[in-house]
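Visitor: The lines below spell out each chain.
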Amino acid sequence: MNNLNKLHLSGYGRDFLRTWDKSADHLKATLAVAQTLRDWHRKGISPKVFSSSMAVSIFRDKSTRTKYSYSAAANLLGLEIEDLDEKKSQIAHGETIMETVNMLSFLTRTIGIRDDIFLGLGHSYMTEVALAADWGYANGVLDQRPSVINLQCDEDHPTQSLSDLLHLSNYFGGLDKLRGKNLTMSWAYSPSYGKPLSVPQGIIALLPRFGINVTLSYPKGYNLIPEIESLATREAKKDGSTFRITHDMREAFIDADIVYPKSWASYAVMSRRTELLKKNYVKGLEHLEGEALAQNAKHKDWTCTEKLMKQTRNGNALYMHCLPADISGVSCKEGEVDAKVFEKYKKQTYTQAGYKPYIIAAMILLTQFGEKTPKILRSIGQRNQSVFNF
Amino acid sequence: MNNLNKLHLSGYGRDFLRTWDKSADHLKATLAVAQTLRDWHRKGISPKVFSSSMAVSIFRDKSTRTKYSYSAAANLLGLEIEDLDEKKSQIAHGETIMETVNMLSFLTRTIGIRDDIFLGLGHSYMTEVALAADWGYANGVLDQRPSVINLQCDEDHPTQSLSDLLHLSNYFGGLDKLRGKNLTMSWAYSPSYGKPLSVPQGIIALLPRFGINVTLSYPKGYNLIPEIESLATREAKKDGSTFRITHDMREAFIDADIVYPKSWASYAVMSRRTELLKKNYVKGLEHLEGEALAQNAKHKDWTCTEKLMKQTRNGNALYMHCLPADISGVSCKEGEVDAKVFEKYKKQTYTQAGYKPYIIAAMILLTQFGEKTPKILRSIGQRNQSVFNF
Amino acid sequence: MNNLNKLHLSGYGRDFLRTWDKSADHLKATLAVAQTLRDWHRKGISPKVFSSSMAVSIFRDKSTRTKYSYSAAANLLGLEIEDLDEKKSQIAHGETIMETVNMLSFLTRTIGIRDDIFLGLGHSYMTEVALAADWGYANGVLDQRPSVINLQCDEDHPTQSLSDLLHLSNYFGGLDKLRGKNLTMSWAYSPSYGKPLSVPQGIIALLPRFGINVTLSYPKGYNLIPEIESLATREAKKDGSTFRITHDMREAFIDADIVYPKSWASYAVMSRRTELLKKNYVKGLEHLEGEALAQNAKHKDWTCTEKLMKQTRNGNALYMHCLPADISGVSCKEGEVDAKVFEKYKKQTYTQAGYKPYIIAAMILLTQFGEKTPKILRSIGQRNQSVFNF
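Chains as they are written, first to last, in my numbering: chain A, 1 to 390; chain B, 1 to 390; chain C, 1 to 390.
To be clear, the hints were calculated from the coordinates, so they are not data collected in a lab.
Which residues of chain C face chain B? A few of them, derived with a C-beta cut under 8 Å, are: (1) S46; (2) K48; (3) T64; (4) L76; (5) S331; (6) Y350; (7) P357; (8) S386.
Reference excerpt, derived from the structure (chain C facing chain B, CB under 7 Å, subset only): (9) R65; (10) Y68; (11) S71; (12) A72; (13) N75; (14) K347; (15) G354; (16) V387; (17) F390.
All of these numbers come straight from a predicted model, not from anything done at the bench.
Beta carbons are placed, not taken as given, at the ideal position from N, Cα and C, and that holds for glycine.
Start from the sequences, fold in the hints, and give me the full structure.
Guide: Below is the structure:
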């Protein structure tokens with residue numbers, strides 16, 4: 001909280017789409033606000049800042065934890081969820097994004113969106129939503145400008161990567177303690193489905209900016225969006241940390257302080273998926289899903305075993321996962337991680353996930369109130385309102 | 001607000017099903033309350049009148065903006081939405097309306113319903129819901145009588161037509177400025193689906209009561225429910241305005257101050273749809289949808305072009321639409337309106353849609369509190385509670 | 001309210017899964033708190049005890065009235081519903097219960113679950129959810145332990161049976177007036193689907209504990225879970241009431257003070273259903289549903305007629321049903337009850353259903369606050385907050 005005042009918060013912006021659009025100060029502010037909300041919840045203090053208003057959600061892909069986290073964040077601040085079910089709406093009848101966004105924003109403070117399946121589409125959709133909200137606000141159609149919050153797109157998953165960073169900060173004793181730590185973001189085998197690239201992309205783009213040396217490891221063909229790999233290189237160079245790519249999971253684990261083994265679909269599959277979508281070729285999309293899984297199955301040896309974990313720093317690296325993990329012998333026959341490794345770090349991965357509601361709430365506060373946020377938080381802290389109402 | 005006191009509000013009734021069941025004073029009160037809530041929202045004043053209680057919604061047809069508007073209205077007043085998903089309920093197992101309504105009303109203040117597809121069914125369903133609520137309240141099953149709010153039926157779409165009227169009132173500088181204005185409600189071509197008749201019916205039944213001369217224009221066979229066309233004639237005569245029907249879109253636009261070009265299914269198609277439903281003939285219903293579109297396709301020249309707009313009063317009539325519009329070259333190849341016309345009036349049609357949450361909230365307040373509404377609003381205005389909670 | 005203080009409330013527990021896990025004092029406390037909340041609602045007093053936080057719901061079977069009741073209870077106390085749609089979640093991708101529960105509990109006070117279709121699975125699922133919540137709370141993943149509330153499992157339906165008991169208590173003038181009354185829980189014919197056993201099981205396990213003599217009547221083969229029939233016998237013996245089983249509906253109605261005629265699937269069908277599920281044999285499950293209905297159809301004479309009702313005490317027994325009932329000539333051709341009988345008692349069955357929101361709210365309060373509940377209720381009663389906010 002105290003360090004919030006020292007941060008340069010002007011120009012925070014009205015949306016949170018990608019971490020790389022934000023300054024280091026803005027990211028630190030997001031973490032500081034989230035931590036404050038987290039501490040308050042432990043003490044039973046309510047940060048309700050709205051007495052009414054809506055929080056719209058648009059989920060174009062499945063979600064449990066992010067959906068819950070967004071609902072919980074809205075509730076924490078006093079907003080009411082309205083989930084847009086595009087199948088039950090008239091969007092099927094050709095409604096434009098400009099129109100949908102304005103129609104859903106009359107009394108709305110935030111629009112949270114997940115659109116992560118197709119490369120080149122998710123972020124551009126969110127940008128279009130933001131522009132539509134700009135237009136509505138500038139033209140007096142809307143009384144307030146709702147914040148667009150990225151709940152996972154094709155490029156970034158900022159509510160995840162910032163939860164991860166806050167978890168690391170608390171685990172190692174502060175943001176400054178992360179400098180020089182080695183983190184390995186590795187591909188791992190999964191039999192479940194062709195997963196998005198946004199989690200590893202979010203990690204490699206964000207963590208080098210906080211002094212963490214990042215190793216990205218994957219089988220050939222499983223590269224991420226090339227521009228984001230380049231971005232990671234640039235950010236590391238700027239910050240004095242390192243970013244490197246390897247194709248050997250075993251080697252990548254050596255001396256790691258933190259490991260993040262996780263599956264994603266091959267880049268070739270992801271690229272073709274978008275082409276098929278543009279052609280509206282449903283059968284092709286189903287076929288491609290099968291191909292993605294067959295492709296993955298060639299790399300079943302890319303899995304986080306106890307043996308691999310022993311190669312990490314003191315055999316004791318922190319294991320991370322955005323969840324749900326494909327746990328060998330538990331949620332599938334062969335998956336991303338051995339049951340024993342997962343079990344040992346279960347408390348840690350669950351705690352990691354627990355930051356997300358507060359990260360989202362922090363994003364809403366900062367995008368809605370910008371520089372005024374520290375003052376508002378002080379006022380909330382002083383009023384000391386209980387989550388109980390008796 | 002001030003003029004609310006001059007209106008005769010007794011007998012407002014417990015439901016809002018059709019504008020023609022309401023006196024002119026009751027309609028003016030709905031507009032005045034809605035405008036007050038709208039002004040308050042601009043100033044950040046919260047009209048929350050309930051500290052808890054439920055707002056039930058039953059959508060038997062797709063909805064984006066009305067669904068959002070109903071949720072936003074509920075939130076504005078402090079009610080919580082419970083959406084009845086009839087597919088996930090036991091209604092499939094033969095539950096009666098009497099029972100469903102009572103089961104959903106124990107802590108409920110309002111039941112919003114959309115049931116607009118089948119002629120002769122929507123309004124009668126809502127009436128049955130209202131009678132069931134009467135029975136439950138009279139027999140002590142319910143502690144309060146929830147208001148039934150029509151969110152579009154087969155006959156009327158009052159939350160739309162009253163939003164439209166409030167928009168016109170603000171656009172032209174007051175309800176009294178509407179007297180003598182010419183409005184053309186015209187059929188227009190749409191490739192999307194066989195749309196309900198309730199929007200044009202709502203317009204022709206309501207606007208002549210406020211001094212507006214209404215021209216209804218459609219290709220032969222696209223008439224509305226005959227009783228409602230007769231009602232429009234009677235209402236116009238009573239009020240000193242005019243109502244006429246023409247089958248020439250071009251002629252209908254001449255000297256219009258306001259145009260409302262919009263698609264609907266042909267009356268014959270609509271009538272047969274209901275017969276097929278009664279026989280539960282699903283294939284027939286699908287076939288009929290195709291027939292409706294083929295029928296529409298014969299009238300592609302019924303579309304709102306820039307050329308047509310030039311024929312209106314000073315070439316500058318206000319274009320209206322309930323949205324979403326089928327915009328030629330944008331949301332479809334050929335549709336209800338040219339892209340340039342739509343774009344010119346986008347701010348206006350979006351603003352028009354923005355009144356709906358406030359119209360619905362006004363209906364809830366007036367059906368729940370009747371004559372006491374002005375006093376309650378004064379008390380809310382005086383307390384001056386912010387939408388912010390800090 | 002006053003008698004709450006005399007009850008021994010320690011050890012109420014963090015969940016409400018089955019009435020037979022609770023002491024008589026705990027059950028009486030649930031009824032007393034529910035009655036207080038019901039009285040307050042009549043007077044317009046709000047018992048909102050939470051200023052924010054979530055109430056998660058997981059419905060693995062259809063529900064209207066229990067779903068609404070859970071939502072209304074949450075709203076009454078100030079909690080916000082988050083419904084888990086397992087089809088839209090990542091649970092399909094093999095997520096463990098341990099993980100799902102923790103992911104949905106960060107800001108959650110209660111998890112309500114319906115899982116009633118498969119014998120041997122519903123209660124064990126809820127137990128696993130409770131253990132997962134225990135683990136999360138003990139390990140600091142969760143700041144609070146959410147209460148697990150059984151909204152119908154394979155064994156018990158406690159929100160139903162306690163609503164039924166509270167209804168009986170009010171109908172006959174107090175819990176003590178129920179001692180010595182004869183209640184007949186009878187199987188009845190239904191054409192709709194193979195219904196769960198939990199309602200009759202809940203009734204026979206609960207009511208003998210309050211001095212009611214229970215007769216369970218069903219056609220051979222329609223027995224309930226044997227352990228629960230034995231439990232009913234033991235509880236009756238302990239309390240000095242009686243429990244007996246008969247296979248003659250006519251005889252079972254003689255001298256009954258209360259009758260509860262209701263359909264359920266045969267035990268053999270229910271047992272095979274679980275086996276088929278374990279084999280994931282979908283076609284077999286559909287086939288079995290047909291078999292269940294064919295089996296039922298052999299016993300169409302098991303129906304509650306006016307003639308049968310005449311055999312009850314003074315021809316005037318109280319008719320009960322958990323709703324929706326299959327009413328002959330109304331919701332089906334031949335069903336559980338004659339239309340005239342149902343109509344005569346409609347007000348009573350609807351009133352019976354109306355206790356459920358308050359029973360659920362009472363369970364949430366007592367599982368969250370235990371022994372402190374009476375003090376909290378006194379404080380709420382004193383503050384006397386209106387449901388209106390003006």
